[in-house]
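**Q** The residues making up each chain are set out below.
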Amino acid sequence: METPIIELQNVRKSFGPVEVLKGVNMTVYPGKVTALVGDNGAGKSTLIKGLSGAQPYDSGDVTFEGAPISLLTPKDASQHGIEVVYQDLSLCENLDIVQNMFLGREEVHQRMLNQADMEKHARETLQGLSVRTMKSVRQKVSSLSGGQRQTVAIARAVLQKAKLVILDEPTAALGVAQTEQVLALVRRLAEAGVGVIIISHNLADVFEVSDYINVLYLGAMVAQLKAKETNYNDVVAYITGIKGDTAAAEEVDDEEVLR
Amino acid sequence: MTTPVEKSTNPATNTAAQTVGATTPHTISTGHEGTVRDQIDSYVLRVRGGEMGMLPALAGVVIITIVFFILTPYFLTKTNIANLMTQTAALMMLAVALTFVIILAEIDLSAGVTGGLAMAIFILLTNVGGWNWIAALLVALIVGATIGTFIGFMVAKIGVPSFVITLALFLGLQGVILVLLGNAGAYRIEAPAVLAIMNKSMPVWAGWLMLIVVVGISLLTGLYDRSRRVAAGMPVRPMSLLWARVAAWAVGGGLVVFMLSLNRSTSVIPIRGVPVVVPIALAILWIGTTMLDRTRFGLHIYAVGGNPEAARRAGINVSRVRITCFILCSSLAVISGLFTASQVGTVESSAGRDIVLSGVAAAVVGGVSLFGGRGRLAQAAVGALLISMITNGLGLLGLSAGITLAITGAVLALAATVDALSRRRSGSTSLARG
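Protein chains in written order, with numbering that gives the first Met the number 0: chain E, 0 to 258; chain W, 0 to 433.
Calculated from the structure, these hints are not laboratory results.
Among the clues, some could well be false.
Stated by the list, open to error - Capping the alpha-carbon separation at 30 Å, the derived lysine-lysine pairs in DSS-like fashion look like this:
| hint | chain 1 | residue 1 | chain 2 | residue 2 |
| --- | --- | --- | --- | --- |
| 1 | W | K156 | E | K74 |
| 2 | E | K119 | E | K242 |
| 3 | E | K21 | E | K74 |
| 4 | E | K48 | W | K77 |
| 5 | E | K162 | E | K242 |
Please read all numbers here as calculations on a predicted model, not as lab measurements.
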């Protein structure tokens, strides 16, 4: 098996007396979609905030492309090519698609914004992802549908040359057709060699799009499964805690993933 | 909307059904493609979608010009056009100043008295201290920038609402001016250069030179942008649109400069030429607009105004943007105070007290959104022109100040309604539904 893009080992995080992450292990491979599922309060958000550098882990090892790294600030994360696409998308509705895709990392020419090149690169990125629902790259985001906004947010991560893209509930607010578009986009993202982590409550989406399914239960990773070798009921059982405990999870870990 | 000319820009051909898995190449447009007709069509579409820009204010200017011209032919005389320009200048500069903070969805109620206080210090330094006026003006600008830094710090770092902190300063700075100038304090401005800003005109040739510079900048920036797009291999708008823009500047500006170049004096001593304040105001407008439209910092101002959280996540230093905008606002408010002082010829203890709400009104009437994230300096300038025209025209008709205030208030209410409605509209209209 090829080198994981990122590997978490024995990651812990506490808020005061409450231990939210109790020694979590996780492995994400480039070119694969890894789903992160779990009930509310299982620690998904905390795990992701650690990866984004927004809320560093208390302890544990993070290995990126085989080398140990530390993720203490959002800057550390973006320097390694880790991009998070948040649920609320973090787009400026009053700006257009190009401006949003380059926000904070604009290209300049003689200290002035390099509009022509940014437009060109934005368009190339969108076309590289086979996006075809947008009329113009100069449309204001306020005029876009939910699916189109999600697309802009993902394309923004791709434009930043992300190696690991973390998607937080990308289809939560979308209708059926738009969900299909976004899931297809997520697949293309992985096919382009990017490691993708997708957080979702919608197991139908998870099974449709992901290669691996990781289940968090009360701050512990209770299962790391191959999507093809498991089924809906098993995953639900892990999520609700009926199946698997921390010790059992270690075994599943060894058998299923490291094979 | 039916677009018979350019089928590829029709959103109906880009439906969601054919998106997934399709491999045929597809080009997303950039808004620069197509003929003049396509460009006009897409502009109309944007306006209908709520992106009206300064269109309502410009329409207001045209309507008011026609109405007042019918009511009193004196409205469009050479003398009154020159008067209008000087009457607008101070309000325009204040509206432009406020635009920087209104884009952030903040407000600066102390902008007027900040200008007043800076001018009070200016007049004390020149008249009592015997300072050179340039040095005194620099100190005045530093006073403005310091007040702006203070407001920005309180808003961005401490989290005090700008409405409250600037209201406090609005009251407090009036007190400081009173203490500095004394109760009946009114100082005459002695420096001829300062009085000249509002009361003197440039030589006729300088007015035409100014016009050439304006038209030249319009043409050259247009050609430069075009060449950059061509170099990047991106589509460009039809050349005729650029020529139309340049021609509009040349004809419109030419008409005004021509009228101002004629003698408008009723006495033996001729008065002719463009008022000195006009090139100063235009230069500040141009620099500010270039910063907002063409620099990273300008874009970040709009980003912070639109969605501060998104801006923060994108790595933008939101506090720095906020503080800088308050500094810009207060500094430009000092320029506005300078214009007022030059126009009146004195600095009084009430300096800058009444103008600030008109400044906010001017910006909003021009189309700067109080909700933040939307607005241009030129819009604030047109809004200020509109409000000055109402005041000026009603004054010519001999109507009382009460009626002028009532009508100005009604125009502001109308503008705020248009702002709220167009905001709702632009949120709900989708040009290409996915």
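**Q** The structure should be examined with respect to each hint, and the outcome stated for every one.
**A** Tested hints:
| no. | hint | verdict |
| --- | --- | --- |
| 1 | W/K156 <-> E/K74 | holds, 22 Å |
| 2 | E/K119 <-> E/K242 | violated, 51 Å |
| 3 | E/K21 <-> E/K74 | holds, 26 Å |
| 4 | E/K48 <-> W/K77 | violated, 66 Å |
| 5 | E/K162 <-> E/K242 | violated, 33 Å |
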